[in-house]
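Residue numbers (this note's numbering), protein chains in the order written: chain H, 1 to 337; chain Z, 1 to 337; chain F, 1 to 337; chain D, 1 to 337.
Source of the hints: derived by calculation from the structure; they are not laboratory data. Nothing here was measured: the structure is a model prediction, and the numbers come from that model. Beta carbons are placed, not taken as given, at the ideal position from N, Cα and C, and that holds for glycine. There are no misleading hints in this set.
Taking beta-carbon pairs under 7 Å as the criterion, some of the chain D residues facing chain Z (in silico):
hint, residue
1, V249
2, R282
3, L285
4, G292
5, P294
6, P296
7, S299
8, S300
9, F303
10, S307
11, E311
12, S312
13, F326
Partial list, derived from the structure: chain D residues whose beta carbon lies under 8 Å from chain F:
hint, residue
14, V101
15, P153
16, C175
17, H188
18, I205
19, Q229
20, Y230
21, D234
22, I235
23, G247
24, T284
There are 4 protein chains.
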Amino acid sequence: MQIGMMGLGRMGANMVRRLMRDGHECVVYDINSASVAGMVKDGAIGAASLEEFVAKLAKPRCAWLMLPAAITGRIVDQVAALMEPGDIVIDGGNSYYHDAVDQAAKLAVKGISFVDVGTSGGVWGLERGYCLMIGGPDEAVKHLDTVFATLAPGADPGSNPPKDAGTAPYGYLHCGPSGAGHFVKMVHNGIEYGVMAAYAEGINILKSANAGKRDRTADAETSPLENPQYYQFDIDLPAVTEVWRHGSVIGSWLLDLTAGALKGDPTLAQYGGRVSDSGEGRWTLKAAIDTGVPAPVLSSALFDRFSSQGESQFADKLLSAMRYAFGGHVEKPKTGA
Amino acid sequence: MQIGMMGLGRMGANMVRRLMRDGHECVVYDINSASVAGMVKDGAIGAASLEEFVAKLAKPRCAWLMLPAAITGRIVDQVAALMEPGDIVIDGGNSYYHDAVDQAAKLAVKGISFVDVGTSGGVWGLERGYCLMIGGPDEAVKHLDTVFATLAPGADPGSNPPKDAGTAPYGYLHCGPSGAGHFVKMVHNGIEYGVMAAYAEGINILKSANAGKRDRTADAETSPLENPQYYQFDIDLPAVTEVWRHGSVIGSWLLDLTAGALKGDPTLAQYGGRVSDSGEGRWTLKAAIDTGVPAPVLSSALFDRFSSQGESQFADKLLSAMRYAFGGHVEKPKTGA
Amino acid sequence: MQIGMMGLGRMGANMVRRLMRDGHECVVYDINSASVAGMVKDGAIGAASLEEFVAKLAKPRCAWLMLPAAITGRIVDQVAALMEPGDIVIDGGNSYYHDAVDQAAKLAVKGISFVDVGTSGGVWGLERGYCLMIGGPDEAVKHLDTVFATLAPGADPGSNPPKDAGTAPYGYLHCGPSGAGHFVKMVHNGIEYGVMAAYAEGINILKSANAGKRDRTADAETSPLENPQYYQFDIDLPAVTEVWRHGSVIGSWLLDLTAGALKGDPTLAQYGGRVSDSGEGRWTLKAAIDTGVPAPVLSSALFDRFSSQGESQFADKLLSAMRYAFGGHVEKPKTGA
Amino acid sequence: MQIGMMGLGRMGANMVRRLMRDGHECVVYDINSASVAGMVKDGAIGAASLEEFVAKLAKPRCAWLMLPAAITGRIVDQVAALMEPGDIVIDGGNSYYHDAVDQAAKLAVKGISFVDVGTSGGVWGLERGYCLMIGGPDEAVKHLDTVFATLAPGADPGSNPPKDAGTAPYGYLHCGPSGAGHFVKMVHNGIEYGVMAAYAEGINILKSANAGKRDRTADAETSPLENPQYYQFDIDLPAVTEVWRHGSVIGSWLLDLTAGALKGDPTLAQYGGRVSDSGEGRWTLKAAIDTGVPAPVLSSALFDRFSSQGESQFADKLLSAMRYAFGGHVEKPKTGA
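Construct the complete structure from the given sequences, taking the supplied hints into account.
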């Protein structure tokens, strides 16, 4: 079927490729005209403006947006303004599900369906397929079924999902009304933060398994290492993460990627350790807070990212100021870590 | 080759089966004679006592122990007392790596090698193979190579690990001197706690996505739900965990198992939510503390287990007592959850 | 001066008493007419309806509301509807500061000032005075200065705050425009949660200092206590919290109250450990998340309260289900704690 | 009475001064002979060596040690070697209570009493008195009663503690057998970390209350600030911490110190935010882990200190590496914070 794709960044471009490969017709638009030209070369129908983009879509128009969360809302409004009853806007970005709930209500008044699709799979989706978490009205979601089926990974090789298992074994799922897709994707990413942090913390502990070999100052500001004999291991991090991939309880795709990264450079020298967060982790926490659900692991993972961005510095200065005030403790200078 | 196995619980028995399947000769012992008899029926050589167990082993004797951490130390001593220089004791249980370091030193004096093998794979190991994290002297570890190769899953089908990749791609790894195996397994389990908790918290948030549909008391002791319109989703937990298995970033074996459990019963009614911890999570935290490595996610996961066992109750009573003291706040009675 | 007080619960009634004691005239209203009657007996001017309440106020009317957060917004609207330009509505409850920002904007259109006053001091405020954190337009706040001065504790005995120190040493502070008062009070309560939890966790650890005397099961589901000889202390909790009140770094009013509660009953048998939270802790976390500020301690304190309310149970069931799935681990039954 | 003091750092020197002020005779020793000379000028009896120090003590000798935890054990051994049955060694430093338990057992064999005294009060103790948490044999503790009474703050002015209230209202407490004093002090400091962090996090949130005024990049790596209108407050941190000191629920000595520090410099420019930890926080956590008591707040406070020392960097690099691997996300460069 025909589908319009607006936003040809990493994700959008690959989705278009995967769709065209499977025979779908794609109308594409991006503010970066070079991105459009690239896609056209690959077989897509290009548009030079938002207006042209909508105009080139066959009715009922299906416009899929893959844009940064910060601008999605505005663009949805612009696209919807050019649409007619029966048309469908799909937001496949990492938008806040609140916006999906609100947008859907607004567009419903005009007879336009709003479908929110949480999309996981990253840069690997082109090859592996994307896991799709979908929210929206039944009819619109059904209309897009072949698009979802193409983008999703499909059933596992050799598996034969029972008829009544629905689409989940194929990698896409209608999760509920508008907003439900982004809600489920939001929680997915919240979990992702937690899982990533679990690996990162554990591997960091492995890395310090040789702490007993290091010299340690013996002053009142330094906690002594009680039993250095138990910290004499030089752990081969690439090898350990590799072995965990084979038969261990913590095998996962994130572990596969971690092992690969450490194999490339066990010191990860190219990274500074400044970890971005792109919204979903925050929103997941807010949902937990709203509904009174404890989420200590997910919040710890999020807050570590904030700290990695330098945001705990003033709090830490306060701690040093208190320590100085009650105990005369003077901060130790930073040593080469 | 021949290998002795002592402790025929869930793990030990399956490891014997996997070893025998691959042609190894197994001498087995357990305080439960029925367990021994069962293994003998399957082809193992049984022993009726510790002494007989050691006596039936060919030199150099290789005695593998799969026992609860609490008793392993004592049994290692008993086995070692019956052994001779050149023999090897292998501890495949979830023992504290400190004990491995100490035991190895003690046994080395007598010329006996101590090999600690962290073993992951659970009840699935018989079929999938076990991921093995090994610590100990080079020679002893080399001597046991075929045993490790049998127990481990082996290389991924179709993969062809390069010669210099070592044994990790086959699912077993010599991690360092005695203690290194249990150290790496300990951290593995610490990570496992964190990963499990990340899923559990996220799914718990999904479950509360319909909180806006529930009635809510409007009193000074209850925080109002600000925007009930955003919490109107009835999420199908088995379907969502299933769809995440296909192409999402958080795909993992633990997710596979979670989806399976939820498919069996979405309410998990058979469980009470009292989560045990068996030592490694605690030890991982202690290692983090000793070496000054932050582990907020792993500790949050551990502490939630403690809380699930009722251990935060007195702290919570203190909070209620303080609230009463400063604000006259009276505890709300427990309502049917 | 004259001030109207609506909401004669614990807080409101005591504030009226403190105001009248200092010579202020109080017009009072509550949906519970008995509360009004009680205050009238103490010298207040009673009102039988919202309309009468507003009618009895001299211009410019100053109506102070002490109501549950869940209903404050609605009542502010009703009061404001009866008011005229130049009048002032004061919200002294634990409302969300977002509402204050929004209400202030709405009321400003009608020429009515909205002053939000975060009020700390609990049931002790009548005697000790209330700490007041104030947001609102300069003129309105200035107009209410004598009211704030009466409600606040005043300067420490013997202290002589310098002229340029402002009102903070007297226990009240104009923190900024409308919303700033509730914002500062919100964070105050967020901190309160963290401080309370720090004491509660520590005292809970003291309570378990005799863990080495207890029997402990030695099975694979129970982590062994390595060194029972270090956990042989029966700590006298009332005495320890009392001694900490004298010269220690952690002396505080909350510690005073805690010591008092433990002296009354060291087992706190009257409490079940179900700790309510009334909004500010949640909002503090949301502010931290919005602004990217790490708040691991404050969030841990909040999530423990959620857990105490039973909200981690499904997550814990999931953990048990995973443990059963990979390791065949069966939950231990609950034993008498 | 006579008491020997070894270790004339910040704490030891002030304790000697406070003791001499109250008429006690002090024999003093320090490896730094200038420190000894200074104390002698103030009226103490100096010693030039450990041997001379012990020799100058009257029997039963009472030697109080105020030394860094890392060297205390060694010095206790040296002092005890010069002592006789009936003598008393007092460790007033921040030693691990495990050591106290072990030392006490060792010294008991020689008839020497070991008394461990947790000492809180910091540099203010000279003036305010020290809060003393004492472990050791009854007789030895009783023998030292006047020393403890002098060092402690004494009863609150105007208070008249009842006879059966024991010594706690005077600021010192015999908490149990050897080790109990350091155990209680350890938990005291664990709590201290949590309380400090609660204030620091909250104040950091206040500081960011103007986040809505700052520019914010709109890209896929930056989470948008949804409602900038709610983050327009420029909070006066010195004034707010000052007002909280008067009548609020979170009034405390640490808050007094914090307000003082912020009054001195609201930006705390002299600090870098590298917060040391000196052992007790770590040990408190280990005790919580050993005994299965949840301590999420205390651990979060500890781990933040580790992070402030740069110890989360490798974990954070791993997170960035994973994000790059699955999503092609490139780390944002550090901007001037």
